[in-house]
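For chain Z, the structure is supplied; the task is to place chain R on it using the hints.
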Amino acid sequence: KNQVEQSPQSLIILEGKNCTLQCNYTVSPFSNLRWYKQDTGRGPVSLTIMTFSENTKSNGRYTATLDADTKQSSLHITASQLSDSASYICVVSAGNRDDKIIFGKGTRLHILP
Amino acid sequence: NAGVTQTPKFRVLKTGQSMTLLCAQDMNHEYMYWYRQDPGMGLRLIHYSVGEGTTAKGEVPDGYNVSRLKKQNFLLGLESAAPSQTSVYFCASTQKTGLLETQYFGPGTRLLVL
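Chains as they are written, first to last, in this note's numbering: chain Z, 3 to 115; chain R, -8 to 105.
FYI, nobody ran anything at the bench for these hints, they're computed from the structure.
Glycine residues also receive a C-beta, built at the ideal position from the N, C-alpha and C atoms.
Be aware that one or more of the hints could be misleading.
Only pairs whose alpha carbons sit at most 20 angstroms apart, straight line, appear in this in silico SDA-like list of lysine to any residue [said to hold, decoys possible]:
{"id": "1", "chain 1": "Z", "residue 1": "Lys102", "chain 2": "R", "residue 2": "Gln86"}
{"id": "2", "chain 1": "R", "residue 1": "Lys87", "chain 2": "Z", "residue 2": "Lys107"}
{"id": "3", "chain 1": "Z", "residue 1": "Lys107", "chain 2": "R", "residue 2": "Met32"}
{"id": "4", "chain 1": "R", "residue 1": "Lys48", "chain 2": "R", "residue 2": "Arg35"}
{"id": "5", "chain 1": "Z", "residue 1": "Lys3", "chain 2": "R", "residue 2": "Glu92"}
{"id": "6", "chain 1": "Z", "residue 1": "Lys102", "chain 2": "R", "residue 2": "Gly33"}
{"id": "7", "chain 1": "R", "residue 1": "Lys5", "chain 2": "R", "residue 2": "Leu69"}
{"id": "8", "chain 1": "Z", "residue 1": "Lys102", "chain 2": "R", "residue 2": "Val41"}
{"id": "9", "chain 1": "Z", "residue 1": "Lys102", "chain 2": "R", "residue 2": "Glu92"}
Using C-beta positions, here's what the derived DEER-type ranges look like [unchecked claim]:
{"id": "10", "chain 1": "R", "residue 1": "Met10", "chain 2": "Z", "residue 2": "Ser12", "range": "31 to 41 angstroms"}
{"id": "11", "chain 1": "R", "residue 1": "Glu50", "chain 2": "Z", "residue 2": "Arg110", "range": "37 to 47 angstroms"}
{"id": "12", "chain 1": "R", "residue 1": "Leu13", "chain 2": "Z", "residue 2": "Asp101", "range": "27 to 37 angstroms"}
{"id": "13", "chain 1": "R", "residue 1": "Ser9", "chain 2": "Z", "residue 2": "Ala81", "range": "43 to 53 angstroms"}
{"id": "14", "chain 1": "R", "residue 1": "Ser9", "chain 2": "Z", "residue 2": "Ser12", "range": "35 to 45 angstroms"}
{"id": "15", "chain 1": "Z", "residue 1": "Lys19", "chain 2": "R", "residue 2": "Glu70", "range": "48 to 58 angstroms"}
{"id": "16", "chain 1": "R", "residue 1": "Val41", "chain 2": "Z", "residue 2": "Leu16", "range": "43 to 53 angstroms"}
{"id": "17", "chain 1": "Z", "residue 1": "Asn20", "chain 2": "R", "residue 2": "Lys5", "range": "44 to 54 angstroms"}
{"id": "18", "chain 1": "R", "residue 1": "Thr6", "chain 2": "Z", "residue 2": "Phe54", "range": "40 to 50 angstroms"}
{"id": "19", "chain 1": "Z", "residue 1": "Arg44", "chain 2": "R", "residue 2": "Ser9", "range": "22 to 32 angstroms"}
{"id": "20", "chain 1": "R", "residue 1": "Thr(-4)", "chain 2": "Z", "residue 2": "Gln11", "range": "23 to 33 angstroms"}
Only chain Z is shown next, with the shape it has when bound in the complex (with noise of 0.2 angstroms):
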């Protein structure tokens, strides 16, 4: 069954520091996966987006890493600011569906003063 696993369920941090999300996907056959921020109320906005040949892609302060062999993914952000309290989506897309697009359920972080 296609599925993809989030973890933490949600973190707090303090503003400054540095927090890893994870993700965990059974998606097959892979096609891409992408992080997504949502914002209370908001649609989810693209961070960034990784082939299976791609190991790491960076947007600002959030770095993504991908690992195909073990089907993991994590989003790395650095330095945190009190705007980066957000909803973050895992998305795993299976090759040649376009109904086959599997959200996670995401990760809430609070970034704290």
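Coordinates of chain R only, in the frame set by chain Z:
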């Protein structure tokens, strides 16, 4: 360039009423999607379209209908609303250009069915 817009932003319905949610995109994308997001769950695909005049069922299509008469618009209809359809509905669009396509989401429509 407004991206993906949704109307209305919020709506309250009584059980049995009908309504249509409108999604519009100005990026000339071929693919459009309707999702619902419920607490504690990932986004679930209701219906999608791979081009003007086409529609297809997603994971949770029951109780919903869609139409894509124009490339830029994707309508989601609820014929007879039920409390189980209380949710936040997101529209998304994408242009398939190989493996690196990404979805652009609208701001969401919050629907409460009493």
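- Any of the earlier hints contradicted here, and which numbers? Of the numbered hints, 2, 5, 11, 12 do not hold.
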